[in-house]
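Q: Residue strings, one per chain:
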Amino acid sequence: MKLIISIDNLRFAWPGQAPVLEIPQLQLAAGEHLFIQGPSGSGKSTLLNLLAGVLTGFEGEIRVAEHALGRLSERRRDRLRADRIGVLFQQFNLLPYLNLTDNVSLPCSLSAKRRSAAIQRSGSVEAEAKRLLAQLQLPTELFDRRAVAELSIGQQQRVAAARALIGSPDLIIADEPTSALDGASRDRFMQLLLDELAQSETTLLLVSHDPSLAHYFSRHLDLGSTL
Amino acid sequence: MLIRLALRSLASRRASALLTLFTLALSTALLLGVQQIREQSRLSFFDTVSGTDLIVGARSGPVQLLLYSVFHIGSATSNIRWSSYEALRDDPRIAWTIPLSLGDSHRGYRVVGTHNSLFEHYRYGAKQPLEFAQGGPLDDLFSVVLGAEVARQLGYGLGDALIIAHGAGNTSFKQHDNMPFKVSGILAASGTPLDRALLVSLEGLEAVHLGWRAGIPLPGMQVTPDQARERNLTPREVTAALVGLESRLQTFHLQRELNTRRDDPLTAVLPGVALQELWQVVSVAEKALLAVSGAALLIGLCGMLAVLLSGVQQRRHEIAVLRALGASPLRIAGLLLTESLLLTLSGMVLGLLLLWGGLHLLEQPLLERFGLRLALTGLSSEQWLLGGAVLLLGLLSGLIPSLMAYRMALAKSLIRRN
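Protein sequence lines, in the order shown, are assigned to chains H and C. Residue 1 is where the first sequence starts when you use this note's numbering, and the numbers rise one by one after that. Residue 1001 is where the second sequence starts when you use this note's numbering, and the numbers rise one by one after that.
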């Protein structure tokens, strides 16, 4: 089985400080979903930044989609992120000057790989963007409107999820994507996200301090306890 | 992709982007317009006389001779004797001469005594001859041809009679009111000092001064027009003469010959050289004008910088999103640079359109009212240079926000808590 994430003896410390993150071993296969929990300062964000390839200077080895991050140049890491990783922030995921469809299509203009995957799936990038938006239950009449500010936060997060999903990346990194949502929209968001992931065998790595999300995940990692 | 994003992003900040655009457009139009005026006024200055090989006057400085003979400014301290003028006129090396006799005026406008050879040989601009808007050259002892501005300002038409005053002042009390002149022609506007002149024949000028001594009419010596026609009206002297040579190779030779004459001390100058000398005095003002419009451009660019800089702070999230999508820091900096380049470029294009539109509208009124010829031409090399400088400055000021964005994009963390 293809390993999407493979970590060996990872250790990270800011210069002159105690290590904030130590993971002896972590392997995540395609389609697996990992829930990462931990108190503030336990290195959750550090791990996400390391996996996304923006933070460097770690000890040990991190492989994402079989690329050893430690040996890639910054340009190659940016490329890897564009091609293989979808990122979901807590909020402010969308560009306010683009309409919903263009927001969702954005990764395809930065990665040829994801563009061709999207075209293969739905015939065109726009069609795939609209399919995902519909899949995530956003009202059709909003698709072509520059209406980011009019959307509820729950809707915005669903648009962001559609963007992370477009072009079938290998891995989705989500940082507290539901923290700004109330209980009902949180559950709806998780359900829709997981439904779509199940179809595409995409690996999900989600960080949250909300234990009620834990039951959606097959695998769990508690960073507070590893130190 | 970069351009599309930049356009969308600018479109979302329509109000400030448009204001910046207009500021840039206006300052570009101003800068290039001032440059246009500089070049054209310089041209029309140097074009005041063309095709004239030598200006000959009594012994004086070249600039002074140019000022009174061509620009009708100031007055000559002494004149050329008629015999000297005749010698010039009959010299086989000389193709044509235009005598000029100054000293009288009409309601503030100079009256120039001359000869119909003026209409034939005088050239301005790109060797253009004078043209008549109405009527034709002098056809009588007492006929007068009006410059375009004189006719327009004073409301004269063909056949109108007017009286010339003795002396150059605006409020001369001594009028040659016994001999009125009749308008035989009105010149089309040329942008030369002739727009502001009244042209009469040398003989007509001589006639009105019959019975005058030392600038005052002698009592009991009044002459009627009919009596004047009977008299010998050969002028005693002329103020200056414009000279065209058979062969331009002769210019320097003849100039030296005239300048070293003993019997009647003359000064002969090359119009181009004298114009150049005079221009050095005049050009200080036009340089100041350019400096002011350059300052206006800097203000415009500062405005753009302010808009772009305030944009960068508001766009932290956008930068983080683009980073997360795999856009390199360079690409993000490129996005901001593209925006400022788009602003500067479209500002310049709009500025050019403004300039050309403005010139198109103002070309005729400017020529008629101010005698300023502004041709609707393509950009001169200096204007291209200025345009390039505007673009470069726009790019440089765009570098500042894009550097800020670049540094933001370099952050080691995608994930921010805020």
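Treat each hint with caution, since some may be false.
[Said to hold, decoys possible] Straight-line Cα separation of at most 20 Å, EDC-like style, residue types lysine to aspartate or glutamate; simulated pairs: (1) C/K1412 <-> H/D144; (2) C/K1412 <-> H/E61; (3) C/K1127 <-> C/D1160; (4) C/K1182 <-> C/E1206; (5) H/K2 <-> H/E59; (6) C/K1412 <-> H/E74; (7) C/K1127 <-> C/E1203; (8) C/K1127 <-> C/D1090; (9) C/K1127 <-> C/E1206; (10) C/K1412 <-> H/E176; (11) C/K1127 <-> C/E1246; (12) C/K1182 <-> C/E1246; (13) C/K1287 <-> C/E1277; (14) C/K1412 <-> H/E201; (15) C/K1182 <-> C/E1203.
[Said to hold, decoys possible] Listed below are several chain C residues computed to face chain H (Cβ distance under 10 Å; list not exhaustive): (16) S1009; (17) L1010; (18) R1089; (19) K1287; (20) R1316; (21) H1317; (22) A1320; (23) Q1364; (24) P1365; (25) L1367; (26) L1403; (27) R1407; (28) A1411; (29) L1414.
Because the hints were derived from the structure by calculation, they are not lab data. From the three backbone atoms N, C-alpha and C, an ideal C-beta is built for every residue, glycine too.
Q: Against the structure, test the hints numbered earlier, and report the numbers of the ones violated in rising order.
A: Failing hints, ascending: 1, 3, 5, 7, 8, 9, 12, 14, 18, 19, 23, 24, 25, 26 and 27.
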